[in-house]
Amino acid sequence: DTGVSQNPRHKITKRGQNVTFRCDPISEHNRLYWYRQTLGQGPEFLTYFQNEAQLEKSRLLSDRFSAERPKGSFSTLEIQRTEQGDSAMYLCASSLDAGLYEQYFGPGTRLTVT
Amino acid sequence: GESVGLHLPTLSVQEGDNSIINCAYSNSASDYFIWYKQESGKGPQFIIDIRSNMDKRQGQRVTVLLNKTVKHLSLQIAATQPGDSAVYFCAENMSTGSQGNLIFGKGTKLSVKP
Chain A
1 DTGVSQNPRH KITKRGQNVT FRCDPISEHN RLYWYRQTLG QGPEFLTYFQ NEAQLEKSRL
61 LSDRFSAERP KGSFSTLEIQ RTEQGDSAMY LCASSLDAGL YEQYFGPGTR LTVT
Chain B
1 GESVGLHLPT LSVQEGDNSI INCAYSNSAS DYFIWYKQES GKGPQFIIDI RSNMDKRQGQ
61 RVTVLLNKTV KHLSLQIAAT QPGDSAVYFC AENMSTGSQG NLIFGKGTKL SVKP
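Chains as they are written, first to last, in my numbering: chain A, 1 to 114; chain B, 1 to 114.
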């Protein structure tokens, strides 16, 4: 497998519950990104990592959201106390390094908060 | 980001015709641009990229044109096929600033009639 993988592909949860998503980037890619996409819109940047360091967070990333990349390989995105407005597709992407490199996206995790 | 609602601009073409999808980008300091194709239920798929020191780049059946004067990007698809039906997004990045943040434009839905 040479692509970005994400698990689970779909998650349905009740409002107030916590959820965690996982992303496995392309191996040897140092950079890992999280985006959120709602219906009819382009992906919106949430945060990114250079190896294990989280270098930037969007103002979209409220304090209920936390992301980790503990060993510089896979990453997790946790949403605490989910709200209906969190319903979206959560996309992960990776790129070789800093600078002008294309980002390769995974299939996404579709979150539905009921 | 700006809300675009659920209704994407749509381009409908006949199979075998050429398609041109346009995009206006927002930041005059952006120096790297990517076109992505997104099929329903999938993550964005990299098509082609271009750096700001170029005004044209060709791939297989695709050509990207960059006009920095008016901050305009276009994607040309030759001999459009039914498999090209998808939503197309342009994205911009600024290598001298935040390197993690791909900013996506409004998508265009391409519909290919057989």
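Since the hints were derived computationally from the structure, they do not count as laboratory data. Virtual Cβ for every residue (Gly too), placed ideally from N, Cα, C. Hints are supplied without guarantee of correctness; some may be wrong.
Using C-beta positions, here's what the derived DEER-type ranges look like [as the list claims (entries may be wrong)]:
{"id": "1", "chain 1": "B", "residue 1": "E15", "chain 2": "A", "residue 2": "K57", "range": "40 to 50 Å"}
{"id": "2", "chain 1": "B", "residue 1": "N27", "chain 2": "A", "residue 2": "N51", "range": "35 to 45 Å"}
{"id": "3", "chain 1": "A", "residue 1": "D97", "chain 2": "B", "residue 2": "N27", "range": "41 to 51 Å"}
{"id": "4", "chain 1": "A", "residue 1": "Q80", "chain 2": "B", "residue 2": "G59", "range": "21 to 31 Å"}
{"id": "5", "chain 1": "B", "residue 1": "P9", "chain 2": "A", "residue 2": "R22", "range": "26 to 36 Å"}
{"id": "6", "chain 1": "A", "residue 1": "P70", "chain 2": "B", "residue 2": "P82", "range": "37 to 47 Å"}
{"id": "7", "chain 1": "A", "residue 1": "R81", "chain 2": "B", "residue 2": "P82", "range": "21 to 31 Å"}
{"id": "8", "chain 1": "A", "residue 1": "Q84", "chain 2": "B", "residue 2": "Q81", "range": "15 to 25 Å"}
{"id": "9", "chain 1": "A", "residue 1": "P70", "chain 2": "B", "residue 2": "N53", "range": "35 to 45 Å"}
{"id": "10", "chain 1": "B", "residue 1": "N27", "chain 2": "A", "residue 2": "L96", "range": "15 to 25 Å"}
{"id": "11", "chain 1": "B", "residue 1": "P82", "chain 2": "A", "residue 2": "G40", "range": "19 to 29 Å"}
In the DSSO-like style, the derived pairs of lysine-lysine whose C-alpha atoms are separated by at most 27 Å in a straight line are [to be verified]:
{"id": "12", "chain 1": "B", "residue 1": "K113", "chain 2": "B", "residue 2": "K42"}
{"id": "13", "chain 1": "A", "residue 1": "K57", "chain 2": "B", "residue 2": "K56"}
{"id": "14", "chain 1": "B", "residue 1": "K113", "chain 2": "B", "residue 2": "K71"}
{"id": "15", "chain 1": "B", "residue 1": "K106", "chain 2": "B", "residue 2": "K71"}
{"id": "16", "chain 1": "B", "residue 1": "K71", "chain 2": "A", "residue 2": "K14"}
{"id": "17", "chain 1": "A", "residue 1": "K57", "chain 2": "A", "residue 2": "K11"}
{"id": "18", "chain 1": "B", "residue 1": "K68", "chain 2": "A", "residue 2": "K11"}
{"id": "19", "chain 1": "A", "residue 1": "K14", "chain 2": "A", "residue 2": "K71"}
{"id": "20", "chain 1": "A", "residue 1": "K57", "chain 2": "A", "residue 2": "K71"}
{"id": "21", "chain 1": "B", "residue 1": "K68", "chain 2": "B", "residue 2": "K42"}
{"id": "22", "chain 1": "B", "residue 1": "K113", "chain 2": "B", "residue 2": "K68"}
{"id": "23", "chain 1": "B", "residue 1": "K113", "chain 2": "A", "residue 2": "K57"}
Quick look at which bits of chain B chain A covers, simulated, 3 or more residues with Cβ under 8 Å [to be verified]:
{"id": "24", "stretch": "11 to 23"}
{"id": "25", "stretch": "44 to 58"}
(Q) Please list, smallest to largest, the hint numbers that this structure does not respect. (A) 2, 3, 4, 7, 8, 13, 14, 16, 18, 19, 21, 22, 23, 24
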